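Enquirer: Residue numbers (the numbering used here), protein chains in the order written: chain A, 1 to 652; chain B, 1 to 355.
It is possible that some hints are incorrect.
What the hints assert, rightly or not - Here are a few chain B residues that face chain A, going by a calculated C-beta distance under 10 Å:
hint : residue
1    : Glu62
2    : Ser74
3    : Arg115
4    : Asp177
5    : Gln181
6    : Ser208
7    : Pro298
As the list claims (entries may be wrong) - Footprint (simulated), chain B over chain A, 3 or more residues, beta carbon under 8 Å:
hint : segment
8    : 424 to 435
9    : 446 to 455
Claimed, not checked - What follows is a list of derived Cβ distance ranges for each label pair:
hint : chain 1 : residue 1 : chain 2 : residue 2 : range
10   : B       : Val156    : A       : Gln90     : 50 to 56 Å
11   : B       : Leu32     : A       : Lys649    : 53 to 59 Å
12   : A       : Val527    : B       : Val156    : 34 to 40 Å
13   : B       : Val199    : A       : Asn185    : 30 to 36 Å
It should be emphasised that the hints constitute simulated quantities derived from the structure, not laboratory data.
Note that the structure is a prediction, hence the values are computed from the model and not measured.
Just so it is clear, CB atoms sit at the ideal spot from N, CA and C, and this is done for glycine as well.
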Amino acid sequence: MKTPNQILTLLLCFGLLTGCGGSSEDASSQEPAPDNTAEVQAYYAAHPDFFSFKTLADLPTDLVWQDGSELPDIGSPDAKKGGTQYGSLQDFPRTLRTVGPDSNGSFRPMILDYTTLQLAHRHPDDFKFHPGTAKAWAVDEANKTIYVKLNPEARWSDDVPVTTDDFMFMFFFYQSDYIVAPWYNNWYGTQYTNITKFDEHTFSITIPEAKPDMDSRVLGLRGLPQHFFKELGDDYVERYQWRFAPTTGPYVVRDEDIRKGRSIALTRLKDWWARDNKFWRNRYNADRIQMTVIRETPKVFEAFRRGDIDQFGLNLAEYWYEKLPDDDPDVQNGYIHKSVFYNQRPRPTYGLWINTSKPHLDNLDVRVGIHHATNWELVIDRFFRGDFARLQTSSDGYGEFSHPILKARTFDIDEALAAFARAGFQERGPDGILTNDQGQRLSFTLTTGYESLKDVLTILKEEAAKAGLELRLEVLDGTAAWKKVQEKKHDMQFSALSVSLEMYPRFWETYHSDNAYDDAFLDDGSVNPERQVKTQTNNMEMLAIYEMDQMIDAYRASSNKREMIDLAHRMTQLHHDHASWVPGFFQPFYRLGHWRWVRYPEFFNHRHSSSAGQYFVHWIDTDLKQQTRDAMSSDQVFEPQLQVFDQFKSDP
Amino acid sequence: MLSLNPQTKKKLKRFRAIKRGYYSFVILCGLLIVGLFGELLVNNRALLVRYQGELYFPTYTEFHPGTDFGLNYSYETNYRELQARFEQEGGSDWVLMPLVPYGPYENHTTGQVFRPEPPSFEHAHYLGTDTTSRDILARLFYGTRIALFFSIAFMVAVYCIGIVIGCAMGYFGGIFDLLFQRLIEIWSNIPFLYMVIIVFSVIPSTFSIPTRIAILLTVLVLFSWTGMTYYMRTETYKEKARDYIASARVVGASNSRIIFHHVLPNVLSTLVTFMPFTMVSAITSITALDFLGFGLPPPTPSLGELLKQGTATLRTAPWIVTAAFGTLVILLTLVTFIGEAIRESFDPRKFTVYR
Chain A
1 MKTPNQILTL LLCFGLLTGC GGSSEDASSQ EPAPDNTAEV QAYYAAHPDF FSFKTLADLP
61 TDLVWQDGSE LPDIGSPDAK KGGTQYGSLQ DFPRTLRTVG PDSNGSFRPM ILDYTTLQLA
121 HRHPDDFKFH PGTAKAWAVD EANKTIYVKL NPEARWSDDV PVTTDDFMFM FFFYQSDYIV
181 APWYNNWYGT QYTNITKFDE HTFSITIPEA KPDMDSRVLG LRGLPQHFFK ELGDDYVERY
241 QWRFAPTTGP YVVRDEDIRK GRSIALTRLK DWWARDNKFW RNRYNADRIQ MTVIRETPKV
301 FEAFRRGDID QFGLNLAEYW YEKLPDDDPD VQNGYIHKSV FYNQRPRPTY GLWINTSKPH
361 LDNLDVRVGI HHATNWELVI DRFFRGDFAR LQTSSDGYGE FSHPILKART FDIDEALAAF
421 ARAGFQERGP DGILTNDQGQ RLSFTLTTGY ESLKDVLTIL KEEAAKAGLE LRLEVLDGTA
481 AWKKVQEKKH DMQFSALSVS LEMYPRFWET YHSDNAYDDA FLDDGSVNPE RQVKTQTNNM
541 EMLAIYEMDQ MIDAYRASSN KREMIDLAHR MTQLHHDHAS WVPGFFQPFY RLGHWRWVRY
601 PEFFNHRHSS SAGQYFVHWI DTDLKQQTRD AMSSDQVFEP QLQVFDQFKS DP
Chain B
1 MLSLNPQTKK KLKRFRAIKR GYYSFVILCG LLIVGLFGEL LVNNRALLVR YQGELYFPTY
61 TEFHPGTDFG LNYSYETNYR ELQARFEQEG GSDWVLMPLV PYGPYENHTT GQVFRPEPPS
121 FEHAHYLGTD TTSRDILARL FYGTRIALFF SIAFMVAVYC IGIVIGCAMG YFGGIFDLLF
181 QRLIEIWSNI PFLYMVIIVF SVIPSTFSIP TRIAILLTVL VLFSWTGMTY YMRTETYKEK
241 ARDYIASARV VGASNSRIIF HHVLPNVLST LVTFMPFTMV SAITSITALD FLGFGLPPPT
301 PSLGELLKQG TATLRTAPWI VTAAFGTLVI LLTLVTFIGE AIRESFDPRK FTVYR
């Protein structure tokens, strides 16, 4: 038998095991480093259609070059450089690679998305592009080609200049099997058709279809330091596991700052090449960003309360209202500031994804009944305390592309019962759950990987029982839940797909029959009786409607914005009528608590920001920190700061 | 089979004389009995409803839709509201609610939002509510009940396997013993926690909650019976070498008769001594697993889940952790007291230094 002590030991071992993964030294670095230059050149030569070489004389002369210089500055000119920002990580990153196995972790944005430069970036207020490593770019719509001039000043963090070769190499890298990343192989192999080098700082990239936002396909690219990846080969995964790649951004990870399993730090480059650049000069202000592993959120919060970490996201009502209420002494004394910022951006699709290939769930009436039997209003009013709002469709927050009037079905027991009755579920069993005349219960499994939101589901479950619907909750580990859903083994699942700042919603990934079945339809549009379920795709509703496919294909091929908007509305309507996705909630803002020494611009942040830290417009005021520390020990108080920034709040 | 011989009677008498253990035993038995009829004490279904001259006993029957009592909905009647309504109308109809009128799954808030509320006699939330406004007493009660019955089932299963294999190893010895010892060594080195996680990740959720609890029990038992065999094996070895076994064999007793009639009664004291501690370990395991999120599926009430909630809301809702921790301490103390008393009363040496 296991004594409590043994169990404790087991738990400790478990903790240790997960804590110290991958601490092996890179033994291969003792051998002479391989050099793949010849291989890369041979690859270019073998794919002449993809990799072309021309001279500046070949550059079209009628191009209209843009450089985004008319856009406003980002951040505040008041920002001061310096100081150390303290934060936390839930888990130590499993690798410092940004591609390949285990790389898609919560730490990656810190060394990729948020801190490195693309060719150009969407302006966080304006949606237009402002320059990153590119100096100027031009769109040739007829030839589906984007021309790019690199900023000659752009440098990798090891002081090597950024050149066209780094972008050509990027395609070699992402198309190679060495990186063990099929998604990248597919994306960079199919979504781009050519890169042409004109000189060291000028190149063009061609994509297969012209789109209204075709510039974003190319301008969102980040080159890769070819000189660093010379050793790319079969052992890429191990060789580059703990090597920080040179970056075009302001922060680097130094070897001495990697304390595996415990903490990691980013250090600001004092002579960063873009430090005086219009769109970058007021950002990335902290000299050092120190992140310590703290596994549990309550402990992170305690660390924040002690001032060990500087900021804490207070999105959950429990934290905003109870754990750090407005009348908390630290808030009232002005030591900790509380800020709410309303943003505008596409909303993650929190909702119930119904697998329409499962028995009973293939019945429209059952699905409509489920819509009416899920009480999101109660969840929003009571659990989220009215702070969140109901999603109306699966593509909210895309401006004109979002359906203007469509509303989600509301909780209504009578409507639900009527819909279930149409599907044959009329009698309530001894426990109040509906049954049909074959004695089958109206009962489905609801899977989720969101442990932190399981309370939402318990509320939905209790309410659904009133409408005679039983939801069996299955709260799994995040990875396990995702795997189950990707295998299409779920009945219903609660989750959200994160969405990036894009002009228009994507439909193909989630609603095209290509992602539900192999050969879903015969040529005449009728259902293929021999179709097989397709796994590992994001069509988690198993939605296969011939009409939808037609519209998606037209939408993907279209370069006409009006036509695309019209198609988007029709597809959203069709999706609504199909009732295979129950819209959940969204959070129209983010809010946080931050110590007084963390300063934000007067307007707090930019319109499209998804979190306070995303654009690094804040700064650490070391003088204020000292002043606050002194004030706390001498009981001196400041004006409390409870600020709501609703300049971008849209009407409900 | 195991009739009480004078020796055992004497031991039981000694057990009764150890007051602390004896009363703990009585309290625990009381708890188990109360647990069996828990639905009558802690429930959101009424004990008794009198409506239009008829009496209803909703506790153990099929659900009564609101329409049964003249309400306008077809889902399960909310008996608390019904009670308030009848009182307001002042007619001859009435509702008798249990002592704690809440179920373990219901979100019942006295305000506008779901949040932990402190203990309140006015609303009959005697221990307050948890983060989604569920009654803590109701969840504790049913959580404890599950833990107790779980641990008893665990104990019985572990003992059955442990005794059979342990006795057989000790009694038959030789190759059989050698083989099983190695098997057990290998088996007990399989990391138990990983196994639980792996097994739980492959169990289809279509199984009902009782089935899933049964599977959890099976997994726990599978990885816990080995410890018991060591004690049984040595004890049986010891007894086997004694003269009375030899004489029994000479008389022509069969193996099963020797094991069950001669060996087993004599090793009983070892067994009984371990029983309470096995229970303690089962309760701790299930609580620990729940705490880690690998235990009972939500929204099953459990001590571990409450503890987890409690540690996350230490500052804002201390009543959650107090209630869960208090219950755990009381439960484990009771069982430990019983264990000590049993050990002492079954100890053949009445006066030892080890007291």
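Enquirer: Find the hints from earlier in the document that the structure breaks and name them by number, from lowest to highest.
Expert: 4, 5, 10 and 12
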